[in-house]
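**Q** As a plain string of letters, each chain reads:
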Amino acid sequence: MVVQSAAEAITYPAVGAELDIEGVSHAFDIDGATLPVLDNVNLSIAPGEFVALLGPSGCGKSTLLRLVAGLEKPRTGALREDEVRITGPHPSRVVVFQDPTLFPWRTVWDNVALGLEAQGILKAQRHRVDAVIDLVGLSSFRNAYPHQLSGGMAQRVALARALVNDPKILVLDEPLGKLDSLTRIAMQSELVALWQRKGFTTLLVTHDVEEALVLANRVIVLSDRPARIKADIAVARPYPRHRGDPYLAELRKQILGLLGLEATW
Amino acid sequence: MSTYSVSDTAAAAAPRTAVTFSNLSGSYGVGLAASLVWLAFGLSCLYWPDVGDWSRTGSLGIGAIVIAAFILFGTFSADYLGGAGQALRKRAPWLVAFGAFVTLWEVATAKFAWLPLPFFPPPQAILEVYTDDLPKLLDSVFASIKLQLGGYIIGATVGFITGVSIGWSQKIGYWVHPVLRFIGPLPATAWLPIAFFTFPSSWSASTFLIALATGFPVTVLTWSGVASVSSAYYDVARTLGARPSFLVLKVAIPAALPHVFVGLFMGLGSSFAVLVVAEMIGVKAGLGWYLQWAQGWAAYANMYAALIVMSLLCSGAITLLFRTRDRLLVWQKGVVKW
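Chains as they are written, first to last, in the working numbering: chain A, 2 to 266; chain B, 328 to 665.
To be clear, the hints were calculated from the coordinates, so they are not data collected in a lab. Hints are supplied without guarantee of correctness; some may be wrong.
Residues of chain A placed beyond 12 Å of chain B at every Cβ, according to the derived structure [what the hints assert, rightly or not]:
#1 P57
#2 R67
#3 P105
#4 T108
#5 Q120
#6 A159
#7 G200
Output of the computed footprint for chain A on chain B, the stretches with three or more beta carbons under 8 Å from beta carbons of chain A [claimed, not checked]:
#8 360–368
#9 396–407
Pairs of lysine to any residue residues, derived as SDA-like cross-links and limited to a Cα-Cα distance of at most 20 Å, are as follows [as the list claims (entries may be wrong)]:
#10 A:K254 <-> A:D225
#11 B:K498 <-> B:S555
#12 A:K124 <-> B:S572
#13 B:K577 <-> A:A145
This one's a predicted model, so the numbers in the text were calculated from it and none came from an experiment. Think of the CB as a built atom: it goes at the ideal place given N, C-alpha and C, for glycine as much as any other residue.
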């Protein structure tokens, strides 16, 4: 057990930022009616932690991510990155969406360079683009256009486009949701390796319980809309994790129970 | 098997260049046929007397025989001519068809006068226009290009900027949209009578009308292009630190470009119509004016000659636009090849 905690300690370098979600509630106005989406969510994420958000479809997980990214402002409550209130998008908090949403008119290289270009620092930092394309293993595709890529490759480009900014918080909105199961398993290991190497804080939305347990330190289970935190479960297992691990199997059963799906187990 | 080759040594090295009886009907056959058709056309000009008096019949015949010789040479040495040889081989059926058409035209007009004569001049009469009336025709071509280019560039630029503005800003859209709906659908030619006395010169009036005809489709399609850009693109760019100017210039405009080119294409078509009408009515230069002038003198050959030039110019303009599009939009799949 001592060895295990030492391994865990290595995965928390100081690069990641602390993320605090304090009493956040949010709602949408649809045809004059108010639809509550988030109900008093409180969550504190330590620097370098890998947190998975699990919840039923349409419960407001993605809305929470949009608030973290700064794409929307919460109706009440506040979100803070390293004690600083989040008021808008910032390249230190980058989102990888379920669809790669690569710009079809840009090559792989130009897509990855997007963040540096938008911040006006591309000319001096071109090597970072090359380095991160190598990191995700797409060196031979840097001049390809998005329509020439497979789904897994496109999602790798989207990941590279996020990582090139050296984010302190990486926000993942079901990034592997549309990939085939083999590509998915391969990319889960890559994601863990990247996170261990770079040390950013990671917030992953998924509706795949197994994925959450294989990847995260901590799994947050959300209720139906409006989302509240139902459970906060620590996954104290070293990496690489094995899908057949009885400890993970037990947690999975527990989580499916929380989601009202125990009958399927 | 009896085989004779164009070049004995080359045939041994490259057997596909050997001309056998069987491939005379294949890849070489069509080229040979094209050459024969053009030769027939040439000979009919030279040795079959015309029913009328046309001074260029002899030159046309010699020209046709030169074309026949070129086709013959090209057909049998296509393998050594690279891309040009392949292009010739691909177009050989068209050379047959076109040669047959001009021969038929020649016979039906100059030889038998089956078609009533001043209205349907023979090919040599049109050739005569190109040789004898060249300066006037060229002046008209330049005048048309100048007018068209000026109006089109102004219209496309204004249309593009307006389209981006109303697609991006609701405030600008509030003011511009009703004006656009009121004025846009009006055919630009409807403004002709007003434009010619409100503008200081017929040239500026025509430029305005061409710009108007171009501007409307460009505006509407640019606008719809900008408005239909997926909000996910903006979300991605914003989380990466993009400012509003970046969102317009590097996200909205590139994403809207396929629509913009449809607008530019439609604007080009409608501006051609305005150009010709404006030249026929008010401007004292250009191909439209030339057509009108030729009609006044019952110079039918000049009208056909001008029409052919006009068709080549319009087609050339559209080709240029599509080439530009293909270069700018290489990222698009399955675009129409013009």
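**Q** So, for every hint listed, does it hold in this structure?
**A** How the hints compare with the structure:
The non-interface label for P57 of chain A is consistent with chain B: the shortest C-beta to C-beta separation is roughly 23 Å, beyond 12 Å. Its closest Cβ contact with chain B, about 8 Å, brings R67 of chain A to no more than 12 Å, contrary to its assignment away from the interface. For P105 of chain A, the non-interface assignment is contradicted: its Cβ lies about 5 Å from the closest Cβ of chain B, within the 12 Å cut-off. The beta carbon of T108 of chain A is not kept farther than 12 Å from every beta carbon of chain B, the shortest such distance being approximately 8 Å.
Look at Q120 of chain A: its CB is around 5 Å from the nearest CB on chain B, not clear of 12 Å, so calling it non-interface is violated. Listed as a non-interface residue, A159 of chain A fails to keep its Cβ farther than 12 Å from every Cβ of chain B; the least gap is roughly 8 Å. At roughly 20 Å, the least C-beta separation between G200 of chain A and chain B is larger than 12 Å, which holds for a residue marked as non-interface. By the rule of at least three residues with a Cβ nearer than 8 Å to a Cβ of chain A, the coverage given for the segment 360–368 of chain B is violated, with 0 such residues.
For a cut-off of 8 Å, the count of residues in the segment 396–407 of chain B with a CB near a CB of chain A stands at 0, and the three-residue condition is violated. Between K254 of chain A and D225 of chain A, the direct Cα distance comes to roughly 19 Å. Compliance with the 20 Å bound is thereby established for this hinted pair. Taking the CA atoms of K498 of chain B and S555 of chain B, the gap is about 18 Å. The hint holds against a cut of 20 Å. Between the alpha carbons of K124 of chain A and S572 of chain B the distance comes to roughly 19 Å, so the proposed pair stays at or under 20 Å and holds.
Distance restraint check for K577 of chain B and A145 of chain A: the Cα-Cα separation of roughly 19 Å lies within the 20 Å cut-off, and the hinted pair is therefore satisfied.
The structure shown violates the earlier hints numbered 2, 3, 4, 5, 6, 8 and 9.
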